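Sequential numbering from 1 applies to the sequence shown in full-length UniProt numbering.
Since the hints were made in silico from the structure, they are not lab data.
Be a bit skeptical, because a hint or two may be false.
Claimed, not checked - Below 25 Å or equal to it, Euclidean Cα-Cα: the simulated DMTMM-like pairs (lysine to aspartate or glutamate) are:
id, residue 1, residue 2
1, LYS642, ASP415
2, LYS447, GLU519
3, LYS175, GLU64
4, LYS447, GLU478
5, LYS175, GLU211
6, LYS417, GLU132
7, LYS372, ASP658
8, LYS372, GLU359
9, LYS417, GLU94
10, LYS175, GLU95
11, LYS531, ASP459
12, LYS372, GLU57
13, LYS642, GLU399
14, LYS156, ASP563
15, LYS372, GLU478
16, LYS156, ASP42
17, LYS372, GLU399
18, LYS650, GLU634
19, LYS531, ASP343
20, LYS175, GLU104
21, LYS531, ASP348
22, LYS531, ASP390
23, LYS642, GLU480
24, LYS156, ASP564
25, LYS156, GLU64
26, LYS372, GLU502
27, LYS531, GLU502
28, LYS642, GLU193
29, LYS447, GLU193
30, LYS417, ASP343
31, LYS447, ASP434
32, LYS447, ASP343
33, LYS650, GLU57
34, LYS417, ASP434
35, LYS531, GLU676
36, LYS650, GLU211
37, LYS642, ASP348
38, LYS175, ASP390
39, LYS175, ASP260
Please read all numbers here as calculations on a predicted model, not as lab measurements.
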Amino acid sequence: MESHTNPFLQPSTLPYQLPPFGEIREEHFRPAFTAGFAQQLDEIAAITAQDDAPTFENTLIPLERSGAILRRVAAVFFNQSSADSSAFTNELEEELAPQLAAHEDAIRLDPALYARIAAVHASLDDLQLTAEAVYLVRRVYSEHTLAGAGLDAEEKQRLSDLNLRLSTLTTRFEKQLLADTNELAVHLTDAAELDGLSAGEISAAAQAAAERGLDGWLVTLVLPTGHPALSSLTHRGVRERIMSASRARGTHGGPNDNRDLVLEITRLRAERAALLGFPSHAAVVTADQTAGTPEAVAALLSRLAIPAARNADREQRELERVTGLETVEAWDWPFATEQVRIDRFDVDTSVMRPYFEAERVLFDGVFAAATKLYGITFAERTDLQGYHPDVRVFEVWNEDGSGLGLYLLDLYTRDSKRGGAWMNALISQSRLLDQPTVVVNNLNVPKPADGEPTLLSLDEVTTFFHEFGHALHGLFAEVEYPRFSGTNVFRDFVEFPSQVNEMWMLWPEVLAGYARHVETGEPMPQELVAKLQASEGFNEGFSTSEYLAAAMLDQAWHSIGADDRVDDVEAFEAAALRSAGLDNPAVPPRYASTYFAHTFSGGYDAGYYSYIWSEVLDADTVDWFTENGGLTRENGDRFRTKLLGVGGSKDPLEAYRDFRGRDAVIEPLLRRRGLED
1 MESHTNPFLQ PSTLPYQLPP FGEIREEHFR PAFTAGFAQQ LDEIAAITAQ
51 DDAPTFENTL IPLERSGAIL RRVAAVFFNQ SSADSSAFTN ELEEELAPQL
101 AAHEDAIRLD PALYARIAAV HASLDDLQLT AEAVYLVRRV YSEHTLAGAG
151 LDAEEKQRLS DLNLRLSTLT TRFEKQLLAD TNELAVHLTD AAELDGLSAG
201 EISAAAQAAA ERGLDGWLVT LVLPTGHPAL SSLTHRGVRE RIMSASRARG
251 THGGPNDNRD LVLEITRLRA ERAALLGFPS HAAVVTADQT AGTPEAVAAL
301 LSRLAIPAAR NADREQRELE RVTGLETVEA WDWPFATEQV RIDRFDVDTS
351 VMRPYFEAER VLFDGVFAAA TKLYGITFAE RTDLQGYHPD VRVFEVWNED
401 GSGLGLYLLD LYTRDSKRGG AWMNALISQS RLLDQPTVVV NNLNVPKPAD
451 GEPTLLSLDE VTTFFHEFGH ALHGLFAEVE YPRFSGTNVF RDFVEFPSQV
501 NEMWMLWPEV LAGYARHVET GEPMPQELVA KLQASEGFNE GFSTSEYLAA
551 AMLDQAWHSI GADDRVDDVE AFEAAALRSA GLDNPAVPPR YASTYFAHTF
601 SGGYDAGYYS YIWSEVLDAD TVDWFTENGG LTRENGDRFR TKLLGVGGSK
651 DPLEAYRDFR GRDAVIEPLL RRRGLED
């Protein structure tokens with residue numbers, strides 16, 4: 001194929017190497033992947049064919065440079081398959097999963113390549129390398145070793161077989177979950193059943209129904225167990241229908257049942273761990289994270305679980321007192337919570353929605369906070385095209401006027417988009433490759449009818465600030481080697497910068513800029529803000545318990561040994577929650593096993609603990625900002641330079657010590673979540 005006929009075969013000539021979405025067609029993907037596989041394997045073969053002794057320059061540098069075509073096509077394809085999937089992307093992703101696994105194994109398990117890497121690693125003390133280069137050698141050696149590069153030929157073959165099968169199963173899990181999530185959307189035909197929803201929410205539900213050719217309204221499901229509408233719908237039966245549909249995903253038989261996938265995935269991961277010399281998959285994963293061991297993770301989660309469950313029980317009694325319900329069920333909890341919030345704090349979060357118009361939140365909230373803190377500015381580039389009509393493109397500049405990168409925003413939900421919210425890098429910065437930065441944020445906000453404003457819930461505003469924190473991490477990292485670009489850090493550290501960025505959503509000068517009534521322009525009343533802040537610790541027992549239940553469920557599945565046999569998903573899940581003391585039926589886990597995309601398809605396997613692990617650092621950092629004047633350029637420069645800007649180019653806990661002057665302490669987290677003894 002001539003290079004000019006396929007846009008992936010050469011770098012884009014658009015600003016910041018933005019992929020040329022207007023030129024990309026479905027027929028370009030397969031040949032680009034094929035060419036990418038072949039190119040990188042040729043590059044690896046050239047490294048191992050050398051007669052010269054292994055050096056950093058002739059081994060690590062060409063390894064870092066390898067795979068340019070594959071990087072370009074994979075970034076675009078996997079972003080599209082998650083944000084705007086189709087029958088074509090679903091088919092190709094299942095086809096690619098084993099091919100990618102085999103390709104990665106061909107590199108990571110190559111004995112000649114590993115021997116060269118090991119030789120450079122053994123001579124590190126004698127080399128005059130930069131700190132980033134030294135860290136690169138150590139990371140590459142560790143990653144190849146943990147991947148199984150030191151196994152014998154027979155063991156490597158079994159490992160490759162396992163990796164191939166797992167890649168197919170995890171891809172299938174995601175596709176079946178999306179299909180079941182769409183299938184189980186709750187169709188309503190009686191307007192009375194919508195009582196409690198805002199005009200914008202009703203409009204979005206009508207739009208969702210119309211897009212499927214249905215009369216009435218359609219409440220589409222979100223990725224977590226709970227649903228935003230549960231906090232405001234007055235019809236208890238409808239709330240139960242939504243909760244039941246959410247919890248049924250992957251469990252009701254048929255082609256989208258995920259139970260057998262959960263059992264096979266966890267069994268194969270355990271077998272692979274044993275092959276690598278570890279007692280469990282959790283032990284493999286944590287060995288290459290800041291946590292180090294599953295025991296360290298268990299110590300933190302167990303310390304938090306008992307007081308969290310105690311607080312949730314106390315909250316449940318309060319909910320029953322205020323509502324008069326004999327038993328508050330899982331589908332009652334969000335609605336009852338709002339009633340108690342009103343009763344105790346005189347706060348009704350539903351009345352805040354008119355103050356959270358999406359455009360103002362974006363420009364006068366999310367962007368404005370970044371400008372105040374880091375001096376960066378934004379301008380929309382309507383001349384640049386995204387991968388979907390809803391996608392908007394913004395250019396980002398440093399304070400000195402130099403270009404920083406492009407930020408793409410894909411705000412709205414659609415049937416072709418997987419649930420949740422996330423950040424992807426389309427182009428990752430590297431001085432070695434002379435690459436800039438292009439990042440995209442995906443959210444799942446219901447889209448109202450044309451001409452109506454998009455009003456966000458309080459939770460959606462929080463998610464917006466959170467995901468933009470990931471985007472800033474991606475934009476700010478300035479590294480030499482592509483392995484360390486952007487958010488390529490330890491998984492149990494990656495949530496830390498995004499959680500810190502959530503702080504600014506209620507910071508007084510930020511909130512005053514964006515929290516204005518959509519019709520009158522009046523700022524959110526200060527007394528409402530004060531009441532909201534006074535209620536911040538409210539319902540933390542529930543939110544901490546539902547999160548910990550999912551995190552401990554993830555750890556339980558991945559603590560299985562190769563000789564253990566599990567054949568009943570529901571029974572295993574119930575036993576794991578009971579053992580953790582988090583088996584309150586009114587507080588189900590944030591994700592149950594059959595729709596736990598983070599751990600069975602999303603790369604957080606045995607790593608969902610990362611959010612609370614990172615929150616220890618986050619809460620400690622919020623204290624630092626508060627003690628040092630908050631939203632100032634000086635503070636922003638320090639956080640950017642010492643933490644965000646290093647990407648993955650140094651040990652993250654070392655970077656944290658550089659920033660904070662000491663290790664993080666847990667007390668701020670315990671105070672925040674009401675878990676102090």
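Right, here's what the structure says about each hint:
1. LYS642 to ASP415: The given pair, whose Cα atoms are some 40 Å apart, is violated under the 25 Å limit.
2. LYS447 to GLU519: OK: LYS447 and GLU519 at ~19 Å, within 25 Å.
3. LYS175 to GLU64: With a Cα-Cα distance of about 32 Å, the restraint between LYS175 and GLU64 is violated, given a limit of 25 Å.
4. LYS447 to GLU478: Violated, because 36 Å separates the two Cα atoms, which is more than 25 Å.
5. LYS175 to GLU211: This hinted pair holds, its Cα atoms lying about 21 Å apart.
6. LYS417 to GLU132: Roughly 37 Å between the alpha carbons, so the hint for LYS417 and GLU132 is violated.
7. LYS372 to ASP658: 23 Å, holds
8. LYS372 to GLU359: 18 Å, holds
9. LYS417 to GLU94: This hinted pair holds, its Cα atoms lying about 17 Å apart.
10. LYS175 to GLU95: Roughly 13 Å between the alpha carbons, so the hint for LYS175 and GLU95 holds.
11. LYS531 to ASP459: Answer holds: LYS531 to ASP459 is near 16 Å, not above 25 Å.
12. LYS372 to GLU57: Given pair LYS372, GLU57 is violated - Cα atoms ~41 Å apart, limit 25 Å.
13. LYS642 to GLU399: 18 Å, holds
14. LYS156 to ASP563: Distance ~20 Å between LYS156 and ASP563 Cα, so the pair holds.
15. LYS372 to GLU478: Holds, at roughly 21 Å.
16. LYS156 to ASP42: It holds: about 21 Å lies between the C-alpha atoms, which stays within 25 Å.
17. LYS372 to GLU399: It holds: about 11 Å lies between the C-alpha atoms, which stays within 25 Å.
18. LYS650 to GLU634: 23 Å, holds
19. LYS531 to ASP343: 12 Å, holds
20. LYS175 to GLU104: This hinted pair holds, its Cα atoms lying about 22 Å apart.
21. LYS531 to ASP348: Given pair LYS531, ASP348 holds - Cα atoms ~10 Å apart, limit 25 Å.
22. LYS531 to ASP390: 35 Å, violated
23. LYS642 to GLU480: Holds. LYS642 to GLU480 sits at ~16 Å (cutoff 25 Å).
24. LYS156 to ASP564: 23 Å, holds
25. LYS156 to GLU64: 23 Å, holds
26. LYS372 to GLU502: 15 Å, holds
27. LYS531 to GLU502: Holds. LYS531 to GLU502 sits at ~19 Å (cutoff 25 Å).
28. LYS642 to GLU193: 52 Å, violated
29. LYS447 to GLU193: 20 Å, holds
30. LYS417 to ASP343: This hinted pair is violated, its Cα atoms lying about 38 Å apart.
31. LYS447 to ASP434: Outside the cut-off at roughly 38 Å; violated.
32. LYS447 to ASP343: Status violated; Cα separation ~32 Å.
33. LYS650 to GLU57: 20 Å, holds
34. LYS417 to ASP434: Violated, at about 32 Å.
35. LYS531 to GLU676: 23 Å, holds
36. LYS650 to GLU211: Not satisfied, since the Cα-Cα distance of roughly 48 Å exceeds 25 Å.
37. LYS642 to ASP348: 40 Å, violated
38. LYS175 to ASP390: 22 Å, holds
39. LYS175 to ASP260: Answer holds: LYS175 to ASP260 is near 14 Å, not above 25 Å.
The structure does not agree with the numbered hints 1, 3, 4, 6, 12, 22, 28, 30, 31, 32, 34, 36, 37 stated previously, though it agrees with the rest.
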